[in-house]
Amino acid sequence: MVYGWMGSLLEVDLSSGEKKKRAVATDFYETYLGGKGMNARIYYDRIHPEVEPLSPDNLLIISTGVLTGTMVPSANRAIFSFKSPQNRLHMHSAMGGFWPVELKQTGHDSLIIKGQAAKPVYLWIHDDIIELRDAAHLWGKGTYETTQMIRKELNNDKLQVACIGPAGENLCYAASIESSVGASASRGGAGAVMGAKFLKAIAVYGTRDIRLARPHALFEKCEQILAGSGPFQRDMENFSYTMAVLNTLGTGMFGNLNETYPDLSPESLFKQDLDGIVLGFHEWLKKAEGSAACSNCGVKCRTALPLPGGGYAYLKCHLWNAFMVGAKIVDYSFVLECCRLSQDNGLDINAVSRCIAFAIDLYQQGIITKQDTGGMDLRWNDKEVVYSLIHDISLRRGFGRMLAEGVHAAASYICRGAENHAHHIKKLEYVPSAALLYLPYLGLTQAISDKVDISRNVSGPSIAWAGLTTEQRQALVDSPAWIYPKDYERYFLQNFSLDGSDHESGCRFAAYDDETYSIVDSIGLCAYWTVFLMNAPINSRALMAELVSHTTGLDISEDDLTLVGRRALNLVRAINVRSGLQRKDDSLSKIIHKTPPSPFLKPLDPVVFDKWLDRYYELKGWNQEGIPTSQTLQALGLEEVFPALKKMEGAHAHHTNHKN
Amino acid sequence: MRIIRTIKIDTDKCTGCRACELACAGFHAEPKYSTINPKRSRIRVQRDEQNKLFVPVKAGPYTEAECSGRNILVIKGKEYGECSFCRSACPARDLFKEPDSGLPLKCDMCGEPAPEEPLCVKWCLPGALTFHKRVEENGPVLPAEAEYADEVEEL
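Sequence order for the protein chains is U and W.
Numbering follows my numbering, in which position 369 of the first sequence is assigned residue number 369; successive positions increment by one, without gaps.
Numbering follows my numbering, in which position 147 of the second sequence is assigned residue number 147; successive positions increment by one, without gaps.
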């Protein structure tokens, strides 16, 4: 009997309608633990490099983690892995909320969707009842309405729905898979992969038990975590506020909002706008009516704000500023409306806001004209422009067709120098704040990230923070918040600089953190609970290892857990190298190396950046082309992966002069 | 005089995280804590995110027959049937029933010996659930000084 996991995997072939439930071998579980790692293995074995992302051969692999659905606070994640249509690389997108826990309770740890339905369908999983149901009446509907209609149709208001909106149906690359309001798998075009399969939604309702091996020890540990979450709770009490201020306005370092979008012309936001934003922000916080949580998490990270037309919008992190800065409109009701529209259409707010900012910028620079936009006058500070672009993009209508595949694709259709305004990392629009990318540490962590998502390097700002005194650093090292190994203390205690000379320290933390996030994404926890400096109680690998051991009954040490994270990370790297990823792709937009948007920042010296990348690769056990070495793979039990990578090494041999 | 133990539910504070469901399900598992399954929980959260309505409902007495409650409540523009907030395990729905056997479930305030506070209260980080003891002077004559879990007339 396995504990923690449910023991089986469900595979649904939409082409044939076949549904297969398979038992999963215990050693497979032990090697990967779930989530990102398990998905990466299935991806490596079954999605070959030549597979077209929007073809029936691409798989949508969804795995919960070993801790998902247990008592462990914030254990509510499922990872959606697939080949991204946007950059043809591996993408894993994490969904919180309630859908993942409900999926696990149907008795399935993982769900693999393959093939393509002949007509729109939705998948209904209720324990062992697995049905593909007609979705003709749902096609074209928004995500809110789809959820309600499915609940009504199946006469169960407690079932959970993960669905796509019009954006996913129209294969828009910014399309997300949306679940309960605000929970989604957004990055990399997950919604488009589902849309290409004619799969409108996955509805789940499960009544199975999740078994725990050492329940008393686990409960005791969880109660300790909750008791220790006092400081964390306090920090998070005004979480959205803190994050928004930090990200939008920040301290002296982020004195100018345009840094968030360095491609925008710098003169358009004035001081009074900034004041307006601060003022407006305080006004809007007064309107906030509490928050809505994901499963089993007391953190109030999603602030609920009433919409003018009824209902609520939920905002967290960068969503506060994405559209406001993107369209230069200082108005919070506008932000809410944009978020509602994006969520209802099933769009990744970060990606779509950047596509829109990019389009307006091009128009203002005269690179595109009314001829391109179909007569639309793209002005800054015009709400209607933004609303209609959101609709046009999600419907691939008119000018929206051009933007529907992201800024990189749009720039290559438009040409005329548009590519200098299209900022992306591996063809994915990066998540604000771009200002952070000018700092070598954060530039590096974003450039090498296999998710291009700031939530996977959130420890970063604190590490790169030059403002802390040595005494303050010492106090942190002595506090329970310190999560790094003993020998990292001295790297942290050195004063950091912003010029990149701290590269030894920075690279070490970058190499440690991305492994931690791989562990988190494999065991099913939320990344926020594991962030250094948030005083988060579940922030050390040692504690995570204890939680996994108590849940499964296996004795998993901190080192075992490290191997799991490293294995997932290297497997994803191997998949991407096999698909043609090269060192030159681990890079940032040219603007980061050229034009700083603020006197506080300096351009990131490409020589410095290369030095960081060299060291990072070295610490990862990768060669200077960013390819995992055979020794590295061998230590992880992945030696069979190496021949495919060796072949790629030869293929790129003539690109060795990467420094230009 | 009798002392009644009860849980006060502040819906304004509830964030709908359903930690109470998981804690309850674990506590009442056999053996204790060995499994987690919110479908076995004796407290369930009625959630409507679009209207930000989160109402924890704790299982009450079992009824053999459907009641005549057909009232419709309109809250923030959305219509709810009376059943949405009803505490009974009843033939009309499968809420508050063991998913395997269909037997009704009822909140026992975490049984005897009475814990300091019920587990759902302990696990409620936002503080929406609070534990209260209330002294009632009137009512049926019952052994003095005894503490009763919630529904006195059941005893």
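The hints are simulated quantities; they were obtained by calculation from the structure and are not laboratory data.
Computed from a predicted structure; not experimentally measured.
Every residue, glycine too, gets a C-beta built ideally from N, C-alpha and C.
Take the hints with a grain of salt, since some may be wrong.
To be verified - In silico BS3-like pairs for lysine-lysine, Cα to Cα no more than 25 Å straight-line:
#, chain 1, residue 1, chain 2, residue 2
1, W, K106, U, K158
2, W, K13, U, K286
3, W, K76, U, K158
4, U, K590, U, K611
5, U, K158, W, K97
6, U, K316, W, K13
7, U, K158, U, K19
8, U, K287, W, K13
9, W, K32, U, K286
10, W, K106, W, K13
11, W, K76, U, K141
12, U, K287, W, K106
13, U, K316, W, K76
What the hints assert, rightly or not - To give an idea of the interface, some chain U residues facing chain W are shown, with a C-beta separation under 7 Å as derived from the structure:
#, residue
14, T207
15, P215
16, H408
Claimed, not checked - Away from chain U, derived, C-beta distances all over 12 Å, residues of chain W:
#, residue
17, I4
18, L53
19, N71
20, L73
21, D108
Consistency of the hints with the structure:
Our distance criterion of 25 Å between C-alpha atoms is met by K106 (chain W) and K158 (chain U), whose separation comes to about 19 Å. With a CA separation close to 16 Å, the supplied pair K13 (chain W) and K286 (chain U) stays within the 25 Å bound. With a C-alpha separation of about 20 Å, the suggested pair K76 (chain W) and K158 (chain U) falls inside the 25 Å cut-off, and the hint holds. Of the supplied pair hints, the one linking K590 (chain U) and K611 (chain U) holds, its CA atoms being roughly 17 Å apart against a limit of 25 Å.
Between K158 (chain U) and K97 (chain W) the alpha-carbon distance is near 14 Å, which keeps this suggested pair within the 25 Å criterion. With a CA separation close to 18 Å, the supplied pair K316 (chain U) and K13 (chain W) stays within the 25 Å bound. Between K158 (chain U) and K19 (chain U) the alpha-carbon distance is near 24 Å, which keeps this suggested pair within the 25 Å criterion. In summary, the hint linking K287 (chain U) to K13 (chain W) is supported, as the alpha carbons are separated by about 15 Å, within the 25 Å threshold.
Using a Cα cut-off of 25 Å, the hinted pair K32 (chain W) and K286 (chain U) is violated, with the two alpha carbons roughly 43 Å apart. Proximity of K106 (chain W) to K13 (chain W) is assessed by CA-CA distance (about 24 Å); at most 25 Å being required, the pair is judged to hold. For the hint pairing K76 (chain W) with K141 (chain U), the CA-to-CA distance comes to about 23 Å; that is within 25 Å, so the pair holds. Restraint check: the Cα-Cα separation between K287 (chain U) and K106 (chain W) comes to about 38 Å, which exceeds 25 Å; the hinted pair is violated.
Between K316 (chain U) and K76 (chain W), the direct Cα distance comes to roughly 23 Å. Compliance with the 25 Å bound is thereby established for this hinted pair. Checking T207 (chain U) against chain W by beta carbon gives a least distance of about 4 Å; that is within 7 Å, so the hint holds. The beta carbon of P215 (chain U) is positioned within 7 Å of a beta carbon in chain W (closest approach about 3 Å), and the interface hint is therefore held. Given the 7 Å rule on beta carbons, the hint for H408 (chain U) is violated: about 34 Å separates it from the nearest Cβ of chain W.
At the 12 Å boundary, the C-beta of I4 (chain W) stays outside the reach of chain U, the nearest C-beta of that chain being 27 Å off. The beta carbon of L53 (chain W) is not kept farther than 12 Å from every beta carbon of chain U, the shortest such distance being approximately 10 Å. Against chain U, the non-interface label of N71 (chain W) holds: every CB pair exceeds 12 Å, the least being about 17 Å. With 12 Å as the threshold on Cβ separation, the claim that L73 (chain W) sits away from chain U holds: the shortest Cβ distance comes to roughly 14 Å.
Interface exclusion of D108 (chain W) from chain U stands, the closest Cβ pair being 19 Å apart, more than 12 Å.
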